[in-house]
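J.: Residue strings, one per chain:
Protein chains: 2
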Amino acid sequence: MDIEIPLENKKEESLTDWYNEVIEKAELCDKRYPIKGMNVWYSYGLAIMKNIDALLRKEVEEMGYQEVQFPVLIPKNEFMKEAEHIKGFENYVYWVTHAGKNELDIPLALRPTSETAMYPIFSLWVRSHSDLPLRVYQIAEVFRYETKQTRAFMRVREIHFFEAHTCHTDFEDAEKQVEEDLKIMEKFSKALSIPYLQCKRPEWDKFAGAFYSIGLDAVMPNKKTNQIGSIHHYKDNFSRPYNIKYEDLDGKQKYVHQTTYGMSERLLGAIIGIHGDNRGLVLPPKIAPYQIVIVPVLLKSHKKEIEKRAKELLNRLLELGFRVKLDERDLRPGSKYYYWEIRGVPIRIEIGLKEFMENNITIVRRDTFEKTNVKLKSKNILSIIKDILEDIERNLMKKAEELMKEGIIEVRKKEEIANLDGILRAGWCGKEECGLEIEKLGDFGILGIDVKSKENMNCIICNEKGKV
Amino acid sequence: MDIEIPLENKKEESLTDWYNEVIEKAELCDKRYPIKGMNVWYSYGLAIMKNIDALLRKEVEEMGYQEVQFPVLIPKNEFMKEAEHIKGFENYVYWVTHAGKNELDIPLALRPTSETAMYPIFSLWVRSHSDLPLRVYQIAEVFRYETKQTRAFMRVREIHFFEAHTCHTDFEDAEKQVEEDLKIMEKFSKALSIPYLQCKRPEWDKFAGAFYSIGLDAVMPNKKTNQIGSIHHYKDNFSRPYNIKYEDLDGKQKYVHQTTYGMSERLLGAIIGIHGDNRGLVLPPKIAPYQIVIVPVLLKSHKKEIEKRAKELLNRLLELGFRVKLDERDLRPGSKYYYWEIRGVPIRIEIGLKEFMENNITIVRRDTFEKTNVKLKSKNILSIIKDILEDIERNLMKKAEELMKEGIIEVRKKEEIANLDGILRAGWCGKEECGLEIEKLGDFGILGIDVKSKENMNCIICNEKGKV
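Which chain is which? The protein sequence lines are A and B, in order.
Count along the first sequence from 1, then add 940; that gives the number in this note's numbering.
Count along the second sequence from 1, then add 940; that gives the number in this note's numbering.
Chain A extracted, bound-state conformation:
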């Protein structure tokens, strides 16, 4: 790959082409695998995704979740136990019907999600109230036979997936879990600098089998939403068919109430789309495979000295706990700048002749390209770099929040809706008839009721009291 060519596509001109080009040039995934929608993770893309996973693991484990891993295959008879769930997934499931030269007695589903793999086992794990709450999660691939146009990280057929599952004594305790999950999302999304809407989905759009669903939607630069996560309250909808019961303090057998919490590689799609610019990726520091790249500008006259200094700096920064790369390749500095800009490394440190002579380094921020000179001997180098990284995180969040705001249009009357482009913020009484009426007003769907907003707005259809 000729790394000196900057991006050919501009984000503001063609978001899709720009998005695909960034993915290719930053080496996130290779889409040439011979199955559509199943892509190969390059090591750089995989490293970012694994950092996202690690961050998520930390957040959920602090809240009492334990990591487990269930098999990929689910026997058809287990898969078919909850009617709504089957209806929601039957068009999307891959089926294994043969093994070796034999036809299997019972076809096996490739998990599209793991309720039906986990719950037969939960019915063995949960015996008494002292086993509750049960909180487990897994990070693994799920499979969905998407028929619509696929897009890397956004709509794929093999999905890198996080799914958390809980069991509780009753409805209220499960409600508390939903609240905790929302708190996890708040902390987690802050580290990614991704703001999001939090909407209780309308009845006709909830997860297959859920009592209710909360969608967590990021707003992309094209003013469309990207569901980066969802939290569901299942009530006892699954515990009944899967027989997950516990003996309560009063000696009675009761069905557990359940919740789930799902996220996927769409998080990465959101990060690319929302933070990226016309020079490529811009990575939030907490998930960047390298937070700092050191580029020595080598002049023949001082090659060895500058190389030596760059190595000393590398070791010092590694010792301070940063993820750092020293780019020693035999390339022009400009090529290296392009290379690491496309890959979104938050900080570049340049050491050239000027820096060498003056005993300092030049720090260049990826988000603003602002330059800072720091004395090499400064004892504050740790706090200076930490501050810059934190400022990058804040700045990305600020810009993403502005983008989200721009994408949302407040509507008071139904006549205003017709030709608007973006996410509409309007009153809705919550009744299905009005909701479906709203959806008919334009080419869009209802995300749901804003869970964060306490505001009341009258329904734009029936004018009765409603929510946002």
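Because the hints were derived from the structure by calculation, they are not lab data.
Some hints here could point you the wrong way.
A pair holds if it fits inside one copy or across any two, identical chains being indistinguishable in the list.
[As the list claims (entries may be wrong)] Taking lysine to any residue and the SDA-like style, the derived pairs with C-alpha atoms no more than 20 Å apart in a straight line are:
| # | residue 1 | residue 2 |
| --- | --- | --- |
| 1 | Lys1116 | Met1094 |
| 2 | Lys1248 | Gly1385 |
| 3 | Lys1317 | Pro946 |
| 4 | Lys1248 | Ile1324 |
| 5 | Lys990 | Ile1079 |
| 6 | Lys976 | Pro1060 |
| 7 | Lys1016 | Leu1044 |
| 8 | Lys1127 | Asn991 |
| 9 | Lys1345 | Ser1241 |
| 10 | Lys1140 | Glu1252 |
| 11 | Lys1027 | Glu1043 |
| 12 | Lys1164 | Ser1204 |
| 13 | Lys1226 | Leu1260 |
Could you slot chain B onto chain A? The hints should help.
T.: Below, chain B without anything else, positioned relative to chain A:
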């Protein structure tokens, strides 16, 4: 689970029952999943496996490997390109034939190994000699329809698998890779305290499609081998059907030479079987989820003070970088000892009234149950614990090496073979006819030629010069 009951089975009386009981009571995996040979990883078992993975990642990345991830599914036409490979796997492959309500045009294999997923893409990645060597690995699940009796971690149908794949300019460069892989194994197995045999497999037992295969076999307490890893030289056997070519310095298109390196969750099986004792697991410190468990022995009179001291110690040990658990549950100390012994935690620290009064702690080793008293204020606590952990690693290795030695019987004449039980060390000229003859002498197979041994032994069949 009543945690006060020690193991019911004795290792020396019934290895299989003991092995299954340890897996269940230490909560490594749950075998009650409704598909035979596909088990559920409990969080404790998963944590051990992930520590093994992390150790392996470190070793291979130091040697230039990069992590990637390929899809689980492989189109049948890609799968069927290398004849020997197909023959080796056709009885073991799960086939996806349907998706949603449609029958697929091309059936999709669940990867039993990833040659046929990776190599069509390698043919795109490799263009010129400057792309070589290509060294990638992935850690993911593979699927094999085993018809023999399954056993947790040892023979399962969904296998947690490490596979490394390389491409080289020529045969010799691939040979060097094999040497490097053997070095990785040496370092890695030392951290697990697992010694192993290193045998070039006979022609009829090499990997399907390989030019030659080296098996890495641990010796289990029943004197049977457990193949914990294998390294293969493919020559250009795969690069020809998959068209992986590069332009050499002389401008000519040449096929690459390839190697692979595989390991699996059998490593965990070896660790359980080889190091475990009649109180449960004994974990090598580098992969133990907790290296230290602190058990405060709480007397009513000094409950708060001892609790406080235990917490201070916890924080101090965490700061020093150890993985530590403070067991604050309301249980008798004896129950806690059993609980953590079954789970193989290398070091237990007891703080009771005596320790409290004398301002010290009692350190108990899991492998020897040897006790050491250490002054709480000792500035050497870091080095004392480090030394003990290293000594545990060495001691486990020593015992495992003795076990391996006991399992190997040297045989000079074919008449001696008949009723021997174990691994036989004998001369073999390397000819297939003599090899097959040897296999007929007893109920066993030939592991291959000892790669480490430089000794010459005459063939026990034809008496010609041969190798061990």
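J.: If a hint holds in the structure, say so; if it doesn't, say that too.
T.: Hint check results:
no., hint, result
1, Lys1116 to Met1094, "neither (30 Å within a copy, 41 Å between copies)"
2, Lys1248 to Gly1385, "neither (59 Å within a copy, 56 Å between copies)"
3, Lys1317 to Pro946, "neither (35 Å within a copy, 60 Å between copies)"
4, Lys1248 to Ile1324, "neither (23 Å within a copy, 37 Å between copies)"
5, Lys990 to Ile1079, "both (10 Å within a copy, 13 Å between copies)"
6, Lys976 to Pro1060, "between (32 Å within a copy, 14 Å between copies)"
7, Lys1016 to Leu1044, "both (11 Å within a copy, 18 Å between copies)"
8, Lys1127 to Asn991, "within (15 Å within a copy, 27 Å between copies)"
9, Lys1345 to Ser1241, "neither (53 Å within a copy, 61 Å between copies)"
10, Lys1140 to Glu1252, "neither (53 Å within a copy, 45 Å between copies)"
11, Lys1027 to Glu1043, "between (25 Å within a copy, 19 Å between copies)"
12, Lys1164 to Ser1204, "within (18 Å within a copy, 43 Å between copies)"
13, Lys1226 to Leu1260, "within (15 Å within a copy, 24 Å between copies)"
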